[in-house]
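Number of protein chains: 2
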Amino acid sequence: MNRVITIGREFGSGGRSIAKMVGEKLGIPVYDSELLAKIAEESGFAKEYVADCGENFSFDRLIARSLSGIGSYSQATAEDHLWTMQRKVILELAEKGSCIIVGRCADYILRDKADCLRVFIYADMKKRAEHIVKAYGESDVSPEKRLRDKDKRRSAFYTYHTDMTWGAPHNYHICLDSGTLGMEKCAELICSLY
Amino acid sequence: MNRVITIGREFGSGGRSIAKMVGEKLGIPVYDSELLAKIAEESGFAKEYVADCGENFSFDRLIARSLSGIGSYSQATAEDHLWTMQRKVILELAEKGSCIIVGRCADYILRDKADCLRVFIYADMKKRAEHIVKAYGESDVSPEKRLRDKDKRRSAFYTYHTDMTWGAPHNYHICLDSGTLGMEKCAELICSLY
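If you read the sequences in order, they're chains A and B. Sequential numbering from 187 applies to the first sequence in our numbering. Sequential numbering from 187 applies to the second sequence in our numbering.
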């Protein structure tokens, strides 16, 4: 059976970089932006739509949908369609060979399907704020607000599709504070469990 | 500065055994039942009272206290006194030398005071149920009910004294699923972070 690592991560925790380090050390592919491209291709949605709606809940769309009543049916099915395609691509990748999958509820999607190590990466607000300013630059919105918004949307998306709490330890085999332990050490610990 | 490891753990997750393994590997003392004895000695409370009320919230006493109004003052201060003494003993132990402290909100108590690695150990209900039946035997109450009751009391105690959520990853540097990873592997990972 293929050995798959899923890495859930808070925005700005460096989960993506840790995934890359682990992939290099273990010599197995990492699906992050590559996953986006694949899902976009299979679903016919634009990459930007997949990036935004494939793991972030849209509170605006929820409100729009509620206000417009049954007229919102097509919007609901667009998101359901994306979820179905995303699930299919993730299951296929896990079937194809050992790999690392970043985000997108892969831990939930693969819970019974693969020999899967489920990891969650987090860090405190201060460390994450420094990280996103360095990685994505400043914006009009404070880094703390950007982090809180993203956390809220990822968390709501996860709960909507899985009925579980995003970042709750029981959904994962190991949860690591990258801010204190450092990204290198996190990668090393994950490799030692493979 | 002394290097202290605090190990929070769900009932039946094997956290106590993991602490012992880590203590042996690193050659530093583990304070678990020894901590109980010390707190009992310093506070003048019976060991059984310290064991039960030093990390488990009593919903019965809360109700009794509410019903009896201000007459409950002495009960409130007994628990406050225990908390104060427990805090004092934990701070002194961390001051005295490198060590491992199991449970009793030590992660919170030492959050600014020591060079402290904060660990949380958990496992799924099934694995924990097997563990407590093996360790403590059967009882009239189902193991699942015993686990749920204990989780609820520990969680309420933690929140009451720390204003934080027991077992939420952000309170710890690493959270480990001992049921999947195994106790030996958990001990090894903790040692590698020391």
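Quick caveat, the hints were computed from the structure, so don't treat them as lab data. From a predicted model like this one, the values you see are computed outputs, not experimental measurements. The reader is advised that the hints may include incorrect statements.
[Stated by the list, open to error] If you anchor each label on the Cβ, the simulated ranges turn out as follows: (1) B/244 to A/267: 50 to 60 Å; (2) A/189 to B/277: 54 to 64 Å; (3) B/215 to A/313: 45 to 55 Å; (4) A/189 to B/319: 30 to 40 Å; (5) B/238 to A/215: 43 to 53 Å; (6) A/223 to B/274: 51 to 61 Å; (7) A/313 to B/351: 13 to 23 Å; (8) B/330 to A/311: 32 to 42 Å; (9) A/188 to B/299: 38 to 48 Å; (10) B/210 to A/263: 50 to 60 Å.
Note that beta-carbon positions come from the ideal geometry of N, C-alpha and C, so glycine has one too.
What are the numbers of the hints that this structure violates, sorted from low to high?
2 and 3
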